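Colleague: Chains as they are written, first to last, in the working numbering: chain Z, 6 to 577; chain B, 28 to 403.
Wrong hints could be hidden among the right ones.
Computed spacing ranges between beta-carbons, pair by pair [said to hold, decoys possible]: (1) Z/Asn522 / B/Glu178: 56 to 62 Å; (2) B/Asn105 / Z/Asp28: 51 to 57 Å; (3) B/Asn105 / Z/Glu246: 37 to 43 Å; (4) Z/Asp412 / B/Glu141: 51 to 57 Å; (5) B/Asn263 / Z/Pro540: 56 to 62 Å; (6) Z/Thr360 / B/Asp271: 57 to 63 Å; (7) B/Glu141 / Z/Glu363: 23 to 29 Å; (8) Z/Glu409 / B/Glu265: 55 to 61 Å; (9) Z/Pro362 / B/Ala245: 53 to 59 Å; (10) B/Glu137 / Z/Pro145: 55 to 61 Å; (11) Z/Tyr366 / B/Glu178: 17 to 23 Å; (12) Z/Gly177 / B/Ala245: 43 to 49 Å.
What the hints contain is simulated information worked out from the structure, not anything from laboratory work. None of these values were measured; they are calculated from a predicted model. Beta carbons are placed, not taken as given, at the ideal position from N, Cα and C, and that holds for glycine.
Chain by chain, the residues:
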Amino acid sequence: MARIVVDPVTRIEGHLRVEVEVDGGSVTDAWSSCTMWRGIETILKGRDPRDAWYFTQRICGVCTTVHALASVRAVENALGIVPPLNAQLIRNLIALSQFVQDHVVHFYHLHALDWVDVVSALDADPAATAELASSISDYPRSGASHFAAVQTRLANFVAGGRLGPFAQGYWGHSAYKLPPEANLMAVSHYLDALDFQREYIRIHAILGGKNPHLQTYLVGGMAVPIDPNSQNAINAGTLLELRKLLESGLRFVSQAYIPDVLAVASFYTDWAAIGSGLGNYMAFGDFPTGTQNPSVDPEALYLPSGLILNNDLSTVVPLDPTKITEYVAHSWFNYEEGDEVPLPPFEGETSPNYTGPEPPYEFLDTDNKYSWLKSPRYDDLPVEVGPLARMLVAYGSGHTRVKELVDFVLGTLGVGAEALFSTLGRTAARAIEAQVLAEHSLTVLDQLAANISGGDIAIHNGELWEPSSWPDTASGFGMHEAPRGALSHWVTIADGAIDHYQIVVPSTWNAGPRDGNGTSGAYESALLGTPIADPTQPLEILRTVHSFDPCMACAAHILDKDGNPIVEVSVT
Amino acid sequence: MPAVLATSETLGEKLEVRGVTRRTFLAFCTSLTATLALPSVFSERIAHALETSAKPTLIWLEFQDCAGNTESFLRAHNPGVAELILDILSLDYHETIMAAAGTQAEAAKEVALEPGGHILVVEGSVPTADGGVYCTIAGRTALQQLEEAAEGAAAIINVGTCSSFGGIPAASPNPTGAKGVPDVVKNVPIINLPGCPMNVDNLLGTIAHYLTFGALPATDGQARPLFAYGQRIHDNCERRAHFDAGQFALEWGDEGHRKGWCLYKLGCKGPTTFHNCPSQRWNMGTSWPVGAGHGCVGCSEADFWDTMSPFYERLPKPPGFGVTTTADQIGLGIVAATAIGFGAHGVAKVIQHRRADGNSEEPVPETTVDEKGSDE
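Excised from the complex, chain Z in its bound form:
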């Protein structure tokens, strides 16, 4: 038996360490550890709740919209503020384009190199590559001369002897199965996707001023004005430009992303039986069609909420947010009443307590505390969140478009529904979701245009903008489906300032350590049974971990509670 450490796990956001035990060529036990912590909730205490979105947004620059949105929803929920329909639709557009951007970048730039052997592309025949590409898609840059040019570029790069970010990769590893032509096509699309993401995300600059870290969220609405008769506001020209960009997203997903995932997956169908994990999936649902706050009104959401338990697609269990709790039994935190009992978010506590080995260290003390993540549980159950969870809940709920696409993908690959519960299933679900949401983004744009043409130009509800209009104390929570899964912010406001703030993050649900019952979370569970061809090269471990799209800066956070020294922030 050997213990393998992967630290840093790369091609993710943030700092993740994985330790696994390998016996007989496969993983027999696994520990997932986040090795970075900042304490943003502690920093929030005492500040203006209207600023919270801007602070929490800095939790993550990759999923740069998600905390801002969950935060304004939480504060609006606490204070009973209903944003105007235009603001709600603009928030939807920003979030939907974030999904498309994030999923594309994840597949091509964070995940693809687990399946694609870059060096093998040098052996491809460009004409055969063109034939392959045209047989699966009408994507335009698919001619033999194009692939020849990409190959030449790659050959010159390799011949230069400086491999940069591709140095020390796992090229030639026996687990790579794609023929050279498929590798060349994927490398070409890797480069194209770099151009695509830069152009597409201009949507966020138009609606948010910049990306990353858009700057137009407001408690009560949005700060981007609408006026068809002004050059300094969203007008018909803006809507046209948005349409062009949103359509480019749909085109890239349907012409490149989906066909590429199907092509790659067809060579790796064995991975439809690897990495299954917990079998429990949770989705909060999202994309309200009206002005409702999805946190309190789950009806009329484009993607539904609920849980799938024990891989049973026939039953969707209704979601009850009060069943969410967090353990710190194996996390570097302490609870006042003992670490074995979980606490609900509104009663969460702050008390960092590092008990790990003194750096530099070789191994973590995995029998005890070993991560800066807590272990969230639903009704004391570990659950997986993310694209797979959302697609399963939507599938189980009879969502027409999701069902069509899931059945299409399963049929194309010639596998049954059980294949969804796997490393490959996660990767396919993410692509399906990108397609569904890219389509939906155009519907939302139509709705926005129709609402504006009906004469509604409101973007902010300012009735409760001034803190003097707020009650002495108020509590609320905001839920959002982030690209990586179910996200919730929980806030208590007292005397116009934040008294308590907690964030329960998708990657915490998935990457958290064992709980007080010794039960593993999603990563640890999914890694069990993963085949390891060469213990010195963690390629297969990366496949399963990357299938979750880890976001560790999001996951590592802290709870706050009375008893912590309240430090007065500068209020001038």
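Guided by the hints, dock chain B onto chain Z, whose structure is given.
Modeller: Using the frame of chain Z, we list chain B on its own:
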């Protein structure tokens, strides 16, 4: 030629091989020249430097970060990130992008560090409390990683406010003892590119400046390049005329907001913030926060999380300074103490115009009507 440059294949040769036209390349050099706020005649010199220089080695470390600066890097255009990582730079270590993980990733870094002379890019703050346990990579603390990578570096470029000044982890009460790189590394030339995140145009401008002139760009007292941080947002803002005319947005979505009037009364911190956002803009020049309708929050200033918040409160009592003021003249102390404000010149204009404008019933806050300290 700076020591960082090894003599191997040059960019000019590489671009020729992959068929990038000279016109495209010169367009890129022209845009870099503009970013660097240099006269256009320098465009040729930059082109020459880039064409004849071999790829500099970049090591990019992430500590207490959000990867926002990495994302900003991915938004590079003209040249795009593909050209950057394949042709212009040798990005030998970057956790978010690199193929290798774990042992192989650390090995790639060791190889790249061996000859020295690399450019070290740092994203995220460095936690110093409790022995640095709040950020470890490969079992070693951020500080241990940083010290090793800084050894022999030609320069450190801090991308974003966190590595420049500590940023949000260092915001009160700074639970992890987070510090900016300049507070923990000495004896290596440092450039700070604060901003939340940094604008990638300014990173490329800094690197181009280094390759072209063989030296780091001139900076202010906070190690920020003057080409990017030499002027106040307020002085280059497209809404400045409305400030001078006393035309302010007063509520989100009101007539002034829709017409693009000044956002000062909704909390804009442009008058105390030094950054080239108004001219450079973001995402291929598409927009910037004030352009989109939300005030500046001062994200390129040290400690802005504490000194500029609450973000929707108007700037307090101004000491008074004019449009030619630099950050150094205002002084670190003033920024840190939040004794911030804007020029009496502007205030006088407000008073002068408010009788004639629709906002006249909205008095200019008393604290801003302060003629003392004018440097006009």
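Colleague: Of all the hints numbered above, which does this structure not satisfy? Sort the numbers upward.
Modeller: The structure breaks hints 1, 3, 8, 9 and 10; every other hint is satisfied.
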